Amino acid sequence: MRAGRRSRDNGDIVVGIVGYGAYVPKYRIKVEEIAKVWGEEPDRIKKGLGVHEKTVPDIDEDSATLAVEAARNALLRAGIDPTEIGAVFVGSESHPYAVKPTATIVAEAIGATPNMTAADLEFACKAGTVSIQCCMGMVASGMIKYGVGIGTDTSQGRPGDALEYTASAGAAAYIIGKNGNGSGALADIEATFSYTTDTPDFWRKPLAEFPTHGGRFTGAPAYFKHIINATQGLFEKTGTTAADYDYVVFHQPNGKFPLEAAKKLGIPVEKLKQGLLTPMIGNTYSGASVLGLAAVLDVAKANEQILVTSFGSGAGSDSFAIRVTDVIEEKRNKARSVQSYIDNKEYLDYGMYVKHRRKLKSL
Amino acid sequence: MQESLAITWRRIPERYGLLGTKCETCKTNYFPPRTVCPNCRRRGKIVKYKFSGKGKVYSFTEITAPPEGFELEAPYVLAIIELVEGPKITSQIVECKDSHVDIGAPVEMVFRKIQEDGPEGLIHYGFKFRLVK
Amino acid sequence: MRRVAIVGVGMTKFGEEWGRGFRDLIVEAGARALQDANMSGAELDALYCGTMAPGKLVGQEHSAALIADFMGLNPIPATRVEAACASGGLALRQAYMAVGSGMHDAVVVGGVEKMTDASGAQVSSALGGAGDQEWELFSGATFPGLYAFMARRHMLEYGTTEEQLAAVAVKNHANGSKNKYAQYQNEITIDTVMKSKVVASPLKVFDCAPVTDGAAVVILVPLEKAKKYNENPIEIVASAQASDTIALHDRKSLTKMRATEVASRKAYEMAKVTTKDIDIVELHDCFTIAEVIATEDLGFFNKGEGGKAAADGRTALNAEISVNTSGGLKACGHPVGATGIKQAVEVTWQLRGQADKRQVKDAEIGLTHNVGGSGATCVVHILKRA
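Top line first, the protein sequences correspond to chains P, U and R.
Position 295 of the first sequence, counting from 1, maps to 295 under this note's numbering, and the rest follow consecutively.
Position 14 of the second sequence, counting from 1, maps to 14 under this note's numbering, and the rest follow consecutively.
Position 258 of the third sequence, counting from 1, maps to 258 under this note's numbering, and the rest follow consecutively.
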């Protein structure tokens, strides 16, 4: 529970989460399966990365289908008329098309079209949280009544590279609306703070099949610098400290970085447990922070406070201060929990994984 | 055969949202939608009707010799699904083998890629089904 | 309506006929039919042709005009008829109505399909047009898949087994082994069928009709003029046709074909016969389950008993009812548009006593049954020794 008074932004806290939804594919591949092919020691990898298996999308799934499933779950919780949605933003680094937005496919599939706007975003792993921020602005300004912000990915790892153990698939969707009594907000978004620089830690050119990363450079100058600065910026802006938060969700490229970041910020690592999914499902990229938040919302109680800080390579972090309302109890069970998706799994061998991920040249 | 983009676009309300029709005169639901009710013909008053996506397996098979465009997915389970509102449709059941399926098993709708016209071509999305646990 | 007779029949060998193209096949079959009728082409006054998919298979539309041209029959009217796999039977019906109505006096009607010039995928896609393109084929259905749906329901509702279906294929191969025109003249066993590769469970390769090239032709004249051409005219005493939903999922039942029931009832009525009077049946066994269902819908066995009847040998040559003495679609082959006409050719030979080693004893009345797609069209004819 919180210790100090929270100061507010200029103006009142006006936006909240009216509905949230998650989706994680059924198929998995274990670290052992991948390590076997490349002649590596699975235990060393599992220990080093803090990951033991990751999700693999079905052959007929992509970032659009994952986003639709998550958005439909969010709508089930929100219980709103989809035609009142004024905007849909989808953040991903694996949009099915480079030109033709995923957002219009999702908007059509949830019944939000045609009197609304939509667009796709890219900011590596934080495109989902940026989508949420876009909705926050549009709702707070009165431009729209509801907005949907989605983070979704079916990320590809270069065969034989360290990222092959973690690059996975998943999505989460958030329906943002005004908060306050009668608004249906199951959580208030009390504040957000972002920290952005031009940092070349990880990139992919349009015609390249796989991304390139900066190895150890992705640590201190990238992930940690932005997560720490954004989080500290949020603390200052809101007059809060780590002690005020019951749950903390950090972007989670592996199972280790978030715990290290927590230590650097003086946050007890127990607060990260509920929202740390990467060990079981891998790094869902644009889905990572937003799925972690969904896992927390699946259990959090009214008035508990959640800190979320995402990270996207390139680079930047978005930090959020979220407070759960008592509406959560009546809405939570209207759609599947993150855990129910995590528990529903079937393992693939490396050959089937390669077929699913179309890594065979002829495919 | 690749479906033309115009046909795909025209079918979006049906394939994404299971939007069909209903004849108010004889109270029959239609999916895929019909503009002429076979029972009432011109006397039938046809209105839009949205289906829930819930149904059960009426018959099924596992396709091991796929048609063009479905090679990557084969083998897959194809079924005739009886929607709870009455009509039957032909669709895949995802994430299963035919040994998992029984006639009468309940299913729910999911959103998937149905076809893709090669690496540079259009993606055709729509409904498939999944066994309900 | 005038009474109509068949006075000439001819067909090509069915099979993978690499050396002959679309027009070669139909011209050959046509020449044989004219020979059989002792008739000059100059006496013909109309042409009908059944062919399902020459546009997709060989890029050729306007096929009736092409056939009339290459048979040397210009300028007689030439009409193509299409009802998927029932194109041949439907063309026969159109020709029957043309002569019966008095509109024409000597009509040549052929069926032809050239399937092996196209790739396997192109053939599959072309045949898929017999179903509902937007709601069956789009979802990944194939024709074996659609008939597999029927097989599973038949197994659930009546206890039909895969071995019983296999018995149908075994019987048809036994008949085909006696037919020099058949694509497959080898006998097989239940084991052959059961061990063959699954195509759409539970149907396997040997449950399915093959891809075939071939053509068949018959010549029709008014009965009163028939003896001029052939001393054994065969009268068409019934011609009936019915339709049903294009998509299998819109049918009320998957274990019977309403179009077969309606068309056959009409045909029996027209000919004033019952199933007991029928000596030989050429029915549409595009898949083994199709034969089982057809024997029931045509009234030879009670609904649900067709599988056991086949396994018990009741449909074998000179058994209770001789079904598919030509070898059926399975062993004789299935050049789609040709099948409906081939059925009439086979029944004609049987009724004339010209069926060699596969002769049905004392055959007087025969029935042909031709189906389009998964049952959206059915055409039934009854033929009788005049």
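Rather than coming from a laboratory, the hints here were simulated on the basis of the structure.
Remember, it's a predicted structure, so these values are computed and weren't measured experimentally.
Incorrect hints may have been included.
Computed footprint of chain P on chain U, listed as stretches where at least three residues anywhere in the stretch have a Cβ under 8 Å from a Cβ of chain P [stated by the list, open to error]:
1) 31-45
2) 109-116
3) 121-132
The beta-carbon is built from N, C-alpha and C at its ideal position, and this holds for glycine as well.
Right, here's what the structure says about each hint:
Coverage of the segment 31-45 of chain U by chain P is violated in this model, with 0 residues showing a Cβ closer than 8 Å to a Cβ of that chain against a need of three. Restraint check on the segment 109-116 of chain U versus chain P: 5 residues with Cβ-Cβ distances below 8 Å, three needed, restraint holds. Counting residues of the segment 121-132 of chain U whose beta-carbon sits less than 8 Å from any beta-carbon of chain P gives 3, enough to reach three: the coverage restraint holds.
Violated hints amount to a single one, hint 1; each of the other numbered hints is respected by the structure.
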